[in-house]
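Peer 1: Let chain A serve as the given structure and place chain B on it in line with the hints.
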Amino acid sequence: MVIVIRVIYYPGCSLRNSYPEFEKSALEVCKKLDIELEEIPEWNCCGVNFSLSDNIMRHLGAVRTLIDAQEELSSTAGNEITTLCSMCYNVLKRTNIALKTEQDTRENVNDYIDDAPNYKGNLEVSHFLQLLRDKIGFDTIFDKITNPLSDLKIAPYYGCALLRPEDVAVDKRESPTIIEEFIRAIGATSVDYPYKMECCGNYHAAFRKEIVEIRSKAIVESAVSAGADLIISPCPLCTYNLGLGVENLGKDVPVLFFTQVLAMALEVDSYLSPEREELVLKNLQGS
Amino acid sequence: MSLNELEERISEISGVNVDACYQCGKCSAGCLFTAHMDLLPHQVLMYIQRGDESVLDNETPWICASCFTCSVRCPRGVDVAAVMESLRELRIRERGYETIDLRKIENLKDLPQIALTAAAQKLTW
Chain A
0 MVIVIRVIYY PGCSLRNSYP EFEKSALEVC KKLDIELEEI PEWNCCGVNF
50 SLSDNIMRHL GAVRTLIDAQ EELSSTAGNE ITTLCSMCYN VLKRTNIALK
100 TEQDTRENVN DYIDDAPNYK GNLEVSHFLQ LLRDKIGFDT IFDKITNPLS
150 DLKIAPYYGC ALLRPEDVAV DKRESPTIIE EFIRAIGATS VDYPYKMECC
200 GNYHAAFRKE IVEIRSKAIV ESAVSAGADL IISPCPLCTY NLGLGVENLG
250 KDVPVLFFTQ VLAMALEVDS YLSPEREELV LKNLQGS
Chain B
0 MSLNELEERI SEISGVNVDA CYQCGKCSAG CLFTAHMDLL PHQVLMYIQR
50 GDESVLDNET PWICASCFTC SVRCPRGVDV AAVMESLREL RIRERGYETI
100 DLRKIENLKD LPQIALTAAA QKLTW
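Line by line, the protein sequences are chains A and B. Position 249 of the first sequence, counted from 1, bears residue number 248 in numbering that gives the first Met the number 0, the numbering being contiguous throughout. Position 30 of the second sequence, counted from 1, bears residue number 29 in numbering that gives the first Met the number 0, the numbering being contiguous throughout.
Don't read these hints as lab results, they were simulated from the structure. One should not assume that every hint holds.
As the list claims (entries may be wrong) - On the chain B side, residues computed to face chain A include the following (Cβ under 10 Å):
| hint | residue |
| --- | --- |
| 1 | 32 |
| 2 | 35 |
| 3 | 38 |
| 4 | 39 |
| 5 | 87 |
| 6 | 113 |
| 7 | 114 |
| 8 | 116 |
Said to hold, decoys possible - Pairwise CB distance ranges (calculated):
| hint | chain 1 | residue 1 | chain 2 | residue 2 | range |
| --- | --- | --- | --- | --- | --- |
| 9 | B | 105 | A | 251 | 16 to 26 Å |
| 10 | B | 58 | A | 96 | 23 to 33 Å |
| 11 | A | 78 | B | 94 | 38 to 48 Å |
| 12 | A | 147 | B | 45 | 52 to 62 Å |
Beta carbons: idealized from backbone N, C-alpha and C, even for Gly.
For reference, chain B alone in the conformation it holds in the complex:
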């Protein structure tokens, strides 16, 4: 079976074949951040398998903290964290160059540089 267009784009960015996912839900079971997500990780993969681009408007990719718990446990070797990153990248690349708004950070005074750099790396280009 050939990949759909969304799967192709994700595969180009991350090298991950989303079609390999067989929806066991292990990624969602181990994810620490599901309480803040509007779609569970395995559901995100299902949307991509269906070629449903509405998944790009979901919060879930922006909640993923890249802890790789899902990626290392996936029985099909799907790097779920990399899929989340490629969904973010698709949006970030559409927007082009962007800066982060320091005024929106309430704890800016005591925030170490490492947190700011981490956020800039994840949320902008």
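In isolation and in its complexed conformation, chain A is listed as follows:
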């Protein structure tokens, strides 16, 4: 009997506007792994960066999304909401923690939002990588892949949002292995390099592009000198920023979403762009 795992799913803006290949490849993967992602009927932008100030008003978008997820959940089993984008994960998770642990904050927000039900604080926020590790299992994925990417050397890029601060970390924050384990599960070789957890420059992509270029160039250079054919990322903003680094370095290093390489290993559509596909194929044949 096939056990289908059903989870409430929050896509986030970037997967619809800028990087559709992230979501599309994930949805293909889910069909193969018997995961049913149930999109929240109504959702808002998460805000991208969790505000560190006392101003909960900055998080009303995220709060409303949690309320919508809560209402959707009342008709299904489980209490988990999952995301693909690590920025969305970070903001929803932190907002959820704030609403769960600070009674004042929860009451204020519930009083303020008078056109929606109160948030009860019984949701759990997860990232899709956690879902793969904890609900499916990397061993199961390894058994299910039909096209092991054994010729590919892949550099895992964590960035910040999956690991920091401590209470949102999906793995050990100074020595994570979840993406390396994922890479092994698709039959590829994981490349170790020192900058995998370093910040790409975040919001500076807009007004101080040079900061991002310097940071991202160092990250990409480090991955390349360790022998990486490509880099995988769990975050649309990191992917854009690392792209600036690639451009600056003048090397052809594809930066793909982790769901795209998983799709390649499961032989479903990975939604690579033609230029990227060419590079990845060249790397596959060349090594």
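Peer 2: For chain B alone, kept in the frame of chain A given last:
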């Protein structure tokens, strides 16, 4: 010892007690963005401890990318990233409502929405 006025305001906004910092410099040692800063992170904390409001005119808080490397490594549990954010907030709240000027973005054409939203969240209210 009681907190000075600047420390009080920062504590109100971020919940962080800057007085807990004992100036070990670990935040500055691990910070990836110091090359672009005019004060090192631990120096920013020192200015605040002295109640020196000139720190609000420094570039450093606006360079901090909120990567939390400093915050998670601080042996005294000081959330340095939150302190930087509260310094930004103090300025942003003074200015009131403000928009970001899209004309100043050179890579606007290929900039994904996530970068723009991130910048708006950090730099305006």
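Peer 1: Would you mind marking each hint as holding or not holding in the structure?
Peer 2: Comparing the hints with the structure gives:
The beta carbon of residue 32 (chain B) is positioned within 10 Å of a beta carbon in chain A (closest approach about 7 Å), and the interface hint is therefore held. For residue 35 (chain B), the interface hint holds, since its Cβ comes within 10 Å of a Cβ in chain A; the closest pair sits about 6 Å apart. At its closest, the beta carbon of residue 38 (chain B) sits 16 Å from a beta carbon of chain A; the interface hint therefore is violated under the 10 Å criterion. Using the Cβ-Cβ criterion of 10 Å, the hint placing residue 39 (chain B) at the interface with chain A is not satisfied: the shortest such distance is roughly 16 Å.
Interface hint status for residue 87 (chain B): upheld, as the beta-carbon distance to the closest one in chain A is roughly 9 Å, under 10 Å. The criterion of a C-beta within 10 Å of any C-beta in chain A is met by residue 113 (chain B), whose closest approach is roughly 4 Å, and the hint holds. Of the supplied interface hints, the one on residue 114 (chain B) holds, with its beta-carbon coming within about 4 Å of a beta-carbon of chain A, less than 10 Å. A hinted interface residue such as residue 116 (chain B) counts as satisfied when its beta carbon comes closer than 10 Å to some beta carbon of chain A; here the least separation is about 5 Å, so the hint holds.
In this structure, residue 105 (chain B) and residue 251 (chain A) meet the distance hint of 16 to 26 Å, their C-beta atoms being roughly 23 Å apart. Look at residue 58 (chain B) against residue 96 (chain A): about 31 Å separates their beta carbons, and that is inside 23 to 33 Å. At about 41 Å, the beta-carbon gap between residue 78 (chain A) and residue 94 (chain B) stays in the expected band of 38 to 48 Å. For the pair residue 147 (chain A) and residue 45 (chain B), the beta carbons lie near 54 Å from each other, so the given range of 52 to 62 Å is met.
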